[in-house]
Amino acid sequence: MNNNHIQSLLDNYKTGFSLEQPFYTSAEIFECEWQHIFKKHWLYAGSLAQIKKPGDYFLYHLQNEAIIIIRGNNGEVYAHYNTCRHRGSAICMQDKGSMSKLICPYHQWVYDKDGTLLNARMMPDDFWKSDYGLHSVHVQVVEGLIFISFKEAPPDFSLIRKSLSPYLAVYKINDAKVAAIKNYRLNANWKLVAENFRECYHCGGAHPEYCSAVIGANLREDTNELTNAKQKGWSEKGLETKLVEVTEGATTYAVRYPLRPGVESYSVDGKKISIPMGMHKDHDAGVVGLVNYPNFWMDAVSDYVWTMRVTPVNAETTDIEFCWLVDANAEEGKDYTTERLTEFWEITGDQDGKLCENNFTGIKSIAYKPGPYAPVEDQVINFVDWCVKELKEGMKVG
Amino acid sequence: MNNNHIQSLLDNYKTGFSLEQPFYTSAEIFECEWQHIFKKHWLYAGSLAQIKKPGDYFLYHLQNEAIIIIRGNNGEVYAHYNTCRHRGSAICMQDKGSMSKLICPYHQWVYDKDGTLLNARMMPDDFWKSDYGLHSVHVQVVEGLIFISFKEAPPDFSLIRKSLSPYLAVYKINDAKVAAIKNYRLNANWKLVAENFRECYHCGGAHPEYCSAVIGANLREDTNELTNAKQKGWSEKGLETKLVEVTEGATTYAVRYPLRPGVESYSVDGKKISIPMGMHKDHDAGVVGLVNYPNFWMDAVSDYVWTMRVTPVNAETTDIEFCWLVDANAEEGKDYTTERLTEFWEITGDQDGKLCENNFTGIKSIAYKPGPYAPVEDQVINFVDWCVKELKEGMKVG
Amino acid sequence: MNNNHIQSLLDNYKTGFSLEQPFYTSAEIFECEWQHIFKKHWLYAGSLAQIKKPGDYFLYHLQNEAIIIIRGNNGEVYAHYNTCRHRGSAICMQDKGSMSKLICPYHQWVYDKDGTLLNARMMPDDFWKSDYGLHSVHVQVVEGLIFISFKEAPPDFSLIRKSLSPYLAVYKINDAKVAAIKNYRLNANWKLVAENFRECYHCGGAHPEYCSAVIGANLREDTNELTNAKQKGWSEKGLETKLVEVTEGATTYAVRYPLRPGVESYSVDGKKISIPMGMHKDHDAGVVGLVNYPNFWMDAVSDYVWTMRVTPVNAETTDIEFCWLVDANAEEGKDYTTERLTEFWEITGDQDGKLCENNFTGIKSIAYKPGPYAPVEDQVINFVDWCVKELKEGMKVG
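Chains as they are written, first to last, in this note's numbering: chain X, 5 to 402; chain B, 5 to 402; chain G, 5 to 402.
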């Protein structure tokens, strides 16, 4: 599939209908998405809760990269390509750990946390260490959440910061405790995962546990009165309630909505999971839902934060990382159990994973044609429109 | 490999010799075969014995499709692409089952067995359900065997029907019992599997069990006198004996031949396997061998039917499904055991599978050159000639 | 990647720096290497110790081939493509064994050890067996080591013979005992494996066991005096000591160097492993290190020979075979144990395998750029220069 063919598919895109098959299956279109969406926008990598001390690091695997996300000596964060400047060896061989210096395991070249080459033994006199620091990518941190950008001149981060901060600050993620991280690989195009998480048309049929916790998720209950009352209360407590929609030039969605009356947390039995997190004083904060295109999802309740990082592997494969954060002082076994903490999103995520893979299976049929989204799938349409716009603009520029 | 290269390989084909390597290994030639052989001809899918009641269905997986073969309310059979008209999700997630309505698991769109869209909840007023029925393929049933065609205007089925019916009717497959289905994946081009099943030059060396059951299979015994005597007897009992050869414009081969005297069935010990099947009264019907290019093989004895469905996955991989059918009234444990029923073809099929994979391994060598078929491999030559002819004609037309 | 792109990468190669990423990852460059390096040069296949008796054979798997290396009736060695001249079936299905005749398992065509077709049953009168002998490749044996060449007119072998013989003869490999063969598959380009084995810049950090055995391997000890003294002693005993360097037009490297004083063999505890091998009388022969580009490595001590055969599978995958040979009269359990024999190179090889795979992981990064080799990596530079020269010359010729 050459660029003309892709352009023609983009030109023929009809908003309100799902995309043509190649957008979900073609390696060439995937490459365009990688260039014009993933390498252009800010990508969620993880949180400060994962790297609390200087030298703590984790790797973010995406495409052929394993970006080293490492905490500096003064709390700052660096993101380096995991490739030694000598003969290219990967420097960090473990997916997470702590290193006071980054030492290549092959020939022991030594780099500082900021990427500076400190020592390269037995190199000749005309070798200038300053020419051989690690290659790095841009980093931004908003209230404990780490975003990276591969772009030389990355887009302005201030809009994302402004949208997310008011919702995030209360959770004190910098101090939070990482209770669990789980990774999944789905046989589905990454956009199907994103589409799945932007509509609840499927919730009534597919997610009994989720619908038990969230009033209105089945699309059969009128929640206006309850929502208005709850928002008044949240505002009085200083909790952010302002809806942020993805609009032209923006990538962020943010919302707070109520749990079903009597439900204290995202849990199968509706009871609370842990002690209130961060600055929360009770279990009455409802749900905070955050999205940042293209790869960040978060649902938080009063007592825990659940994040989802979506990482496309190729057109047909997508990696998902779930992370559960609890209050810094929450003790496993006493204040919460990991089993109850992870149960709700493991069940719901498994249901969604199967739906996404099944969706992908059907889309690969030669008989698949774009079908009409239902009116309640308007946020899916927003997402798909955004993808098409990004591709069109990207391919125009080059 | 472009079309000119393929054309030139086709032009250089020399009947009597095996094909050039790319016919067994090239993805491009495989694609041509898919277009000009598999998408043009009738493909065996399964039997009515697998879907006896309205709503019973099974999936036929081939390429990116999982065709839903479903029984209608009045005995008829439908074949639908397994892709919802909403967002493309696969509708049937299980390989077989029973559904009174076809309900998409994603957003619960509801289709009737014939593919009509019955309900699409929450869609707007200007949505016309009649525009969104399931996409379907053609179906023909001959004496309980189901064939499908992807071609918009499929080839005439009457010749296949005329050739197969006289041999099949006596087995009453519509009422038969599915005793076992087993699936295998071979690392071999599909044509090598077909070639293997069209000659017995290899039987003497490779199939001791088969040669024990079938007189003459070792090509060292004169069977003319026995065959003539048996055919006279079969005709008197009303059993079809007329040889059908694959000739110009036809795809079917059919034959009846004798078992070794004293042998009652395809079994390792030569003893009968089950009660006589369908209209048979005894264990003296010999072997019925049926083939329909490109994917159907069947060997039936007096007490059971064994079918083989050949499904190419790609140039280097082929899926095989074996199905064993017994009389409607045969009881497992009393009239037959599944172990004895399947033993003969599991052993023989395993021997053939290894030979095919080993054949493919050697063909991938850079030193492989087309070699001469032996005179006793004349039906292999017939098959290969047919493939080349279909490709030539297909590529001429477009 | 087309030939112009490859040419341009070759033209831009800067000696002293590691190669551009595509040399390690591109399928097209790998194909060039296969054509212009592996199909042109002599490749190590194995040793006579593996096929002592007439009809003994083993298969050398490389690319789509499984070359049959078989001992003839008079000690000679043949190398045949494993593809029957009838329909291409592989003839040998086991990786090693013994066959007085090569009989194809499919239709029992019978070949002699030298590849002559002896019998093809049921073929017509105008079939000439002499037209259908097995296709073969060239073979050369030097002091028990078997090399093959795919080239129609293979390069002169006399230089390799002249370089290796003086070092090899004393081991009497023809009579030796194969004590162990182990196979590994590495996720790394084959050149990274070769590069790894041509420098000890990494030894100090990565190979504590190796550095315990070999004085100077850590590059921190002056070994001149010891080496001079040992070489004098070795020469007096008639052991070859002349360094052979890879020079223009040659592919062989050979060296003898001392073990650490008190160390008797390549062993973790420094003690001897087995009885002296071949013509050795004691455990004081030091280490013989032999290399022949592109795929042969050997390290031998007084009591055992260890060979490494490097076989590229594709740009990203490399097969390694380790073989341990001991004296013909060495008895397992009495004179040596397989566990102690293999321990040293299993440990060291595992360390190297991990380094190579880790090197490859980092090279796949988009941020990877050729880096400067250290002066002590001069033999790596020699190897990489050689590869680039071979590709340049090969692509010039065609």
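Check the hints yourself; a few may be wrong.
Since the list gives no way to pick one copy over another, a pair counts as held whenever it fits inside one copy or between any two copies.
Said to hold, decoys possible - Calculated cross-link-like contacts (lysine-lysine; reagent style DSS-like; alpha-carbon spacing at most 30 Å):
#1 396 with 176
#2 100 with 358
#3 275 with 43
#4 400 with 100
#5 368 with 176
#6 275 with 396
#7 100 with 246
#8 373 with 285
#9 400 with 368
#10 358 with 236
#11 57 with 393
#12 275 with 155
#13 358 with 186
#14 236 with 56
#15 166 with 338
#16 368 with 186
#17 368 with 396
#18 133 with 285
#19 400 with 338
#20 246 with 373
What the hints contain is simulated information worked out from the structure, not anything from laboratory work.
Problem set entry | Homomeric proximity label, residue 100 with residue 246: Cα distance no greater than 30 Å | This pair counts as neither: shortest intra-copy Cα distance 36 Å, inter-copy 49 Å.
Problem set entry | Same-copy or cross-copy closeness of residue 358 to residue 186 [CA-CA at most 30 Å] | both (16 Å within a copy, 26 Å between copies)
For this session: Could you place residue 400 and residue 100 in one of the four classes (within, between, both, neither) given a Cα distance threshold of 30 Å?
Result: The answer is neither: 39 Å in one copy and 48 Å across copies each exceed 30 Å.
Problem set entry | residue 133 and residue 285: within-copy, between-copy, both or neither at 30 Å Cα | Neither. Shortest intra-copy (52 Å) and inter-copy (51 Å) distances fail the 30 Å Cα cut-off.
Exercise. Can you tell me if residue 368 and residue 396 fall within 30 Å by alpha carbon in one copy, between copies, both or neither?
Worked result: Classified as both; 24 Å inside a copy, 29 Å across copies.
Problem set entry | Alpha-carbon proximity context of residue 275 and residue 43, limit 30 Å | neither (41 Å within a copy, 57 Å between copies)
Exercise. Is it within, between, both, or neither for residue 373 and residue 285, if the alpha carbons may be no more than 30 Å apart?
Worked result: The answer is neither: 51 Å in one copy and 52 Å across copies each exceed 30 Å.
For this session: Could you place residue 275 and residue 155 in one of the four classes (within, between, both, neither) given a Cα distance threshold of 30 Å?
Result: The answer is neither: 44 Å in one copy and 57 Å across copies each exceed 30 Å.
Exercise. Using 30 Å as the alpha-carbon threshold, which applies to residue 166 and residue 338: within, between, both, or neither?
Worked result: Neither. Shortest intra-copy (36 Å) and inter-copy (76 Å) distances fail the 30 Å Cα cut-off.
Exercise. From the Cα coordinates, with 30 Å as the cut-off, is the pair residue 400 and residue 368 best called within, between, both, or neither?
Worked result: both (28 Å within a copy, 28 Å between copies)
For this session: Tell me, please, which holds for residue 100 and residue 358 at an alpha-carbon limit of 30 Å: within, between, both or neither?
Result: both (29 Å within a copy, 18 Å between copies)
Exercise. Is it within, between, both or neither when you check residue 358 against residue 236 at 30 Å Cα-Cα?
Worked result: neither (38 Å within a copy, 59 Å between copies)
Checked against the numbered hints above, the structure breaks hints 1, 3, 4, 5, 6, 7, 8, 10, 11, 12, 14, 15, 18, 19, 20 and satisfies the rest.
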